[in-house]
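Residue numbers (the working numbering): 274 to 566.
Some clues are possibly wrong.
[Claimed, not checked] Here are the computed lysine to aspartate or glutamate pairs in the EDC-like style, where the Cα-Cα straight-line distance is at most 16 Å:
| no. | residue 1 | residue 2 |
| --- | --- | --- |
| 1 | Lys-559 | Glu-480 |
| 2 | Lys-288 | Glu-338 |
| 3 | Lys-498 | Asp-477 |
| 4 | Lys-498 | Glu-476 |
| 5 | Lys-420 | Glu-462 |
| 6 | Lys-492 | Asp-447 |
| 7 | Lys-519 | Glu-543 |
| 8 | Lys-498 | Glu-480 |
| 9 | Lys-492 | Asp-285 |
| 10 | Lys-519 | Asp-477 |
| 11 | Lys-491 | Asp-447 |
| 12 | Lys-492 | Glu-286 |
| 13 | Lys-519 | Glu-415 |
| 14 | Lys-420 | Glu-480 |
| 15 | Lys-491 | Asp-285 |
[What the hints assert, rightly or not] Distance windows between CB atoms, simulated:
| no. | residue 1 | residue 2 | range |
| --- | --- | --- | --- |
| 16 | Thr-556 | Trp-485 | 24 to 32 Å |
| 17 | Leu-521 | Glu-303 | 13 to 21 Å |
| 18 | Ala-454 | Ala-517 | 18 to 26 Å |
| 19 | Ser-283 | Ala-454 | 16 to 24 Å |
| 20 | Tyr-320 | Arg-542 | 33 to 41 Å |
| 21 | Arg-321 | Glu-558 | 23 to 31 Å |
| 22 | Gly-297 | Arg-473 | 29 to 37 Å |
| 23 | Lys-519 | Val-327 | 39 to 47 Å |
| 24 | Glu-303 | Phe-425 | 13 to 21 Å |
| 25 | Lys-491 | Ser-324 | 37 to 45 Å |
| 26 | Ser-322 | Ser-546 | 15 to 23 Å |
| 27 | Lys-559 | Arg-473 | 17 to 25 Å |
What the hints contain is simulated information worked out from the structure, not anything from laboratory work. C-beta atoms are modelled at their ideal positions from N, C-alpha and C, and glycine is treated no differently.
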Amino acid sequence: MISETGSGDSIDEFKAIFIGVVQGHHWAWEVAGVLHRDISMENIMFYRSGSEVVGMLNDWDHAEEQCNLRQIKFDIVPARREVQKIDGVSNEQNTPNNAEIDCDPPQSKGKCSDNSTQTSESQLGTVKARYRAGTIPFMAIELLQAKSVYPFHRYRFDIESFCYVLVWFCLGFDPQKHTVAHIERWDHEDLMRNAWAKLRFLEDHRERKILWNRARSKKYLNLCKTWAVPISHMLCDVQERDRAIKHLIIEDYVSSPEQLSDKIGGWKREVASYEQAREQVITYEKVMNVLLR
């Protein structure tokens with residue numbers, strides 16, 4: 274585990290391990306066409322090669338191929354029901370049947386399984402890709418908030434998990450004892466409370482200050498501020514855009530089935546544009562620009 278890096282306050286080793294793991298994760302996505310889906314403290318390892326440390330990701334049990342992950346997928350009926358459960362909106366009688374928004378994702382660079390795979394197996398892979406996977410303290414907010422309609426696991430969900438691992442480690446790591454304290458707010462058994470705690474961290478500087486005060490090392494605290502804060506701003510922007518999408522859904526509750534049927538094409542394009550923009554807020558390139566400063 275990364276808490277075993279070197280001796281003393283070896284922040285350079287941690288930086289090398291963390292950057293290497295993020296790069297290796299991206300290589301698996303781009304070249305092998307696989308998404309890890311369980312980024313956590315326990316799954317970030319390292320080994321020594323001469324005088325250097327090399328980061329590596331362990332435990333790919335929840336990994337999924339890109340061909341089973343829809344980058345843009347939005348179904349009106351399940352989405353409306355999901356927002357109703359989260360926000361308390363109730364107008365189920367206006368929900369139309371068989372109304373769907375389904376926007377094809379960008380062409381994947383990764384390779385999928387043999388194209389001759391039977392349809393039933395493909396459908397099984399899609400179902401697998403749409404269950405909640407991950408380690409609770411490091412799971413993306415959208416996964417924690419989901420009730421019955423789980424979103425397809427996106428690449429940015431893993432990037433979000435990397436951010437939480439970074440904060441967790443930098444604030445909890447004791448360089449002398451080589452132990453890592455927990456962030457209790459992110460480790461509650463109530464998933465929604467975990468989601469709100471992380472959301473407060475992203476959006477409220479007072480919440481961040483509370484966490485800053487628990488840091489065991491000034492060097493690691495400074496690294497956390499240098500790396501995690503700009504990444505947190507990206508994640509905050511993602512949340513704002515996600516709320517805008519949910520607002521579109523809530524507005525649509527006032528529509529009758531007939532009205533919704535008339536405007537389905539425009540609504541589909543609008544949601545697709547919002548989702549495309551949201552997916553570009555936080556990318557590997559933007560994160561690496563932060564890590565390599």
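These are the hints, each one checked on the structure:
1. Lys-559 x Glu-480: Given that 16 Å is the threshold and the Cα spacing comes to 24 Å, the pair is violated.
2. Lys-288 x Glu-338: At roughly 28 Å apart (the allowed maximum being 16 Å), Glu-338 and Lys-288 break the hint.
3. Lys-498 x Asp-477: holds (14 Å)
4. Lys-498 x Glu-476: Holds: Lys-498 and Glu-476 sit about 14 Å apart, inside 16 Å.
5. Lys-420 x Glu-462: Distance of about 15 Å is within 16 Å: holds.
6. Lys-492 x Asp-447: Satisfied, since the Cα-Cα distance of roughly 11 Å is no more than 16 Å.
7. Lys-519 x Glu-543: holds (12 Å)
8. Lys-498 x Glu-480: Given that 16 Å is the threshold and the Cα spacing comes to 13 Å, the pair holds.
9. Lys-492 x Asp-285: Holds, at roughly 10 Å.
10. Lys-519 x Asp-477: violated (21 Å)
11. Lys-491 x Asp-447: holds (11 Å)
12. Lys-492 x Glu-286: Holds. Lys-492 to Glu-286 sits at ~13 Å (cutoff 16 Å).
13. Lys-519 x Glu-415: holds (12 Å)
14. Lys-420 x Glu-480: Not satisfied, since the Cα-Cα distance of roughly 26 Å exceeds 16 Å.
15. Lys-491 x Asp-285: Roughly 14 Å separates the two Cα atoms, so the pair holds.
16. Thr-556 x Trp-485: 24 to 32 Å: holds (27 Å)
17. Leu-521 x Glu-303: 13 to 21 Å: Once the Cβ atoms are compared, 32 Å apart, the range 13 to 21 Å for Glu-303 and Leu-521 is violated.
18. Ala-454 x Ala-517: 18 to 26 Å: The hint (18 to 26 Å, Cβ to Cβ) is violated, given that Ala-454 and Ala-517 are roughly 36 Å apart.
19. Ser-283 x Ala-454: 16 to 24 Å: Holds: the Cβ-Cβ distance is about 18 Å, inside 16 to 24 Å.
20. Tyr-320 x Arg-542: 33 to 41 Å: violated (49 Å)
21. Arg-321 x Glu-558: 23 to 31 Å: Given about 29 Å between the Cβ atoms, the range holds.
22. Gly-297 x Arg-473: 29 to 37 Å: holds (31 Å)
23. Lys-519 x Val-327: 39 to 47 Å: The hinted range 39 to 47 Å holds for Lys-519 and Val-327, with Cβ atoms some 41 Å apart.
24. Glu-303 x Phe-425: 13 to 21 Å: holds (18 Å)
25. Lys-491 x Ser-324: 37 to 45 Å: Since the Cβ atoms of Lys-491 and Ser-324 sit about 26 Å apart, the hinted range of 37 to 45 Å is violated.
26. Ser-322 x Ser-546: 15 to 23 Å: For Ser-546 against Ser-322, whose Cβ atoms are near 46 Å apart, the range 15 to 23 Å is violated.
27. Lys-559 x Arg-473: 17 to 25 Å: Once the Cβ atoms are compared, 23 Å apart, the range 17 to 25 Å for Arg-473 and Lys-559 holds.
When held up to the earlier numbered hints, the structure conflicts with 1, 2, 10, 14, 17, 18, 20, 25, 26 and fits the remainder.
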